[in-house]
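The listed protein sequences correspond, in order, to chains A and B. Each residue of the first sequence is one higher than the one before, starting from 15 at the first, in the working numbering. Each residue of the second sequence is one higher than the one before, starting from 42 at the first, in the working numbering.
Derived by calculation from the structure, the hints in this document are not laboratory data. Quick caveat, the model's predicted, so the values are computed rather than measured.
Computed from the model, here is a short list of chain A residues facing chain B with C-beta under 10 Å:
id : residue
1  : LEU39
2  : THR51
3  : MET57
4  : ARG68
5  : VAL70
6  : GLU246
7  : ALA252
Ideal Cβ placement from N, Cα and C applies to all residues, glycine included.
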Amino acid sequence: MSLLDGGFRPGGTSRNRPHGHLGVLKIAVIALFAILTLRLVDMQIVDGEGYRQRSVNNHIAQTNILPPRGLMVDRNGVPLVENVPVYSVQVIPDLLPEGEATRYAIYLALARPEMTEVPALQIQEMVRAAIEDGRGDQPLTIRKYLSKDQALTIEEASVDMPGVSLAIEPGRRYIGGEAFSHIVGYIGDMTPEDWEQLQDEGYLLNEPIGISGLEARYESDLRGTVGVSANEQDAHGALIEILETKDAEPGSTLKLAIDANLQNFVAELLQDSLIDATGDAKVAAAVVMDVNTGELLSMVTIPTYDNNIFVNPSDENTAAIERLNNDSRKPFLNWAINPAAPGSTFKLVTASAALQEGIITPETGQFAPKVLSVKGENDELYPLVDWKDHGYINLYDGIAWSSNIYMFRSSCGILGETRGLSNKSGATYDDAVILGNYAREFGFDELTGIDIGGENPGLIPSPEWKKRAIGEDWFYADTCFMGIGQGDVLATPLQIARMTAAVANGGTLVTPHIVNEILSPSGSLVHRIETSTKKVDVDPEHLAVVREGMHRSVIYGAGLRAGVPGLDIAGKTGTAEFKDYDAGGITRQHAWFTGYYPFDNPQIVVTVYFDLGVGGDKAAPAAAKIFDYYAENIAP
Amino acid sequence: MTATTWRRESQVLWRGWDRFDYIMLLAAIGLVVLGLLLINSGSQEEYEGPLVSFANPVMKQMVFAFIGIVGMFIVSRIDYHYFIHYAWPLYAIGIVSLIGILLIGDAAYGSRRWFDLGPVQVQPSEFAKIATVLALATFFSNHGGDARDLRTLALSLAIVIPPAFLIFVEPDLGTAIVFMCIWLGVVLVAGVSRSHLVVMGAVGLALLPFVWTFAIADYQIERVSVLIDSTSEGRALDEGYNVNQSKIAVGSGGLIGPGLGEGKQTQLGYLRVPTKDFIFSVLGEELGFVGCMGLFALFILLLMRGIRAAQIAGDTAGQLVAVGIVVLILMQAFINIAVNLSLFPVTGIPLPFVSQGGSSLVSLFFSLGLLQSIIMRHRAYRQT
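Isolated chain A (complex conformation) (with noise of 0.2 Å):
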């Protein structure tokens, strides 16, 4: 009881007189908690809204889900690509276990053929990197591309392998076949550089996007919109509550003018053209277009490649790729916008000029023989050079056996008898400026506005062009040859085709397009490419004498191997010299036709080319298969 009632008295010193001052206590206790109590103040008060933000941000998980991307088909609804998945292996390096040991025995399991054949050393630098870079929370891929068979197998693995997951990405299928390699184009990762340029347009970094062809031009209407799902999630990932789902839609179909079966036809046909009497040819290209809407019924470009390489990209396909780039044909090149001297084709140009200047009218007669020797500015002889003794000619049958001599006439003048172009003498300048200027009416030395980059504006050359470009002094005979598509002339076959259309429905100048329509996913009407045209300053009068000269060609002039029984067909024949550098720099000759049909309402322009031939005896009978084709299986 003692112990309890306070009774105890201890012996000792310590009943002395307690004398200490405690005020420093009540203050070190006021002044501590006025700290917390700032503190507080400053991050509940002042901060407390950026601190709310930073909770959201902790438990709500926003996950982008990425679109189906947009299909193609062509004019009648084949279907030329196809969305494939794209299975990759993610690594997020923070969830890995703890325990280099426990880690390694994880990637050794990856490194397994049957899962991603990724060296195990390799993963362990990949994930110790993206620690190192502070990216151990972000979803690391250890490898692309994997076959389906890897994919099921990691899916059931990764259940036993914390940090390791499964990733589906959109992918890409092309099913055209190669003859629509060029014109479909392909997609592809992004690289720094685009990430810098499309993030600020809401894309994501793993978003595949379009690299060439229409994937690249028409991007923003095939990608479609990212969707979002929110969740809430709590420490540990697990799913709390879904909040909010907004899906992802899938972008728009491209509906092309190409029609798929012709498409195939002509890349058959020029590839099984290329090797003839005339030369072996290497590279050929053909354009066949609606001639008053601009519509690509088919663009081909030899040779060609298989486009599915850059989508998945295996050893085999980086081969496939390295060769081809190696490849002196260019197969990458799409030889149908990339340009070469167009030659004989160009004199519809020229005759057009010389009919709207009025230095000829269409019966104006002209003595052609094979040489015709001219006093040039030097008194020196020049000998003009035609390909045959043509006699005395008029415009229709200069046109239609393609003389040299009466296009001279038409351009530059026979020097001494005629005046050029600008109907003044000694004014060859002036001559080339004049031929220079129709040149451009009919869209040359500018690109076309075809809907697929790559594109090559060519060359109209000028004596200020020649002067800096080359050096030289611009001469009579420089004006000449480019009368007959020579000289520094370059044209693509497209801009070809595009002039062709232009000299046929009477003077529009159409816009070439591959895709007519944008679809919805559902298959609606989104947007019809609608062609935009120019008139080209010709009167149709005149043009109308160009269309009967080239309707004789193919009756009877040089022109006569495109003509098809029974088909109505006009064209204009091309065999233009160049110096070929890789054959050591002997004169080779391209292959060109140019034609419509029917030659009273005509439909289509048919532009075929070959890098190596003789035009009225190679490209002619291609075009001639290409029209009939075309009147025995599309002609309305």
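Let chain A serve as the given structure and place chain B on it in line with the hints.
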């Protein structure tokens, strides 16, 4: 037993209870109740068992609170001079137990702090704190209650250094700091000469770099540097994780918070140890600034009542024991909350009366019993 003896016995039994500081007890019970609410809220993610079960941290805490309060009443009935009388043996037991824990204790989070005794874990540092307070008070009491003499000051430091060092190497930096603060508080009240304090402060500062280099464990440096740069990438998921998440929790509470059980940081498991070291973050998140101010008010009330006990203490020993206990509670509360507010590196100090933990709660109520014993006996000595 006659009526007279019964009356006398009952008078003896109830003597001093009219002076019992109920306000102090109510403040402590207020803290415990708030703690129970927060433990309940903070344990919902982890605990899914029945409500009435010793496995339920809330029930467990209530049981310890009950034991603590009963212990407090018992201790307050005992004259604190008994403890003063046995201060040195108690101090010796404290030191031995601290050595023992280094040899055979159970480790958690990289440090040895517990004896595992079946269902309960005992933290000898809790006992050692009170033993050291008693030893210091006894020492100064025997030296005329005066710290002005340099030799006395140095000797008093020699009392505090061994337990502080043993706890420091556990490692438990925070509790070691609490020990040094207890010493500082006691010597300030015992009238230390300012020049001595300045000199010792200067020596301490000069030694700090050596302590940093040789004595502080890597994890402590890590914790300190995490505090400085808690959001730097890569670390955010390790040490900085706790610091970051507690900051987010407290900050997101705003003025009044979303209410108990509604804090996302707490309820979705982003906050770690939300019933122990980071229980203040639960309060900050769920009850906001207002809730925190309520907690501060309870602490200030409790501490002021403790200071009052020191003021009215009947002798130097009682006064210094009261001072030591006030500083003990003050510094633990301050460091714990400072950790929660990212003002101090993570140390593992519980929030007195609030955090889940039996050893701490029981020993805190034991300390309150000492204070009550001092209060209840002040007049008796003045009358003698």
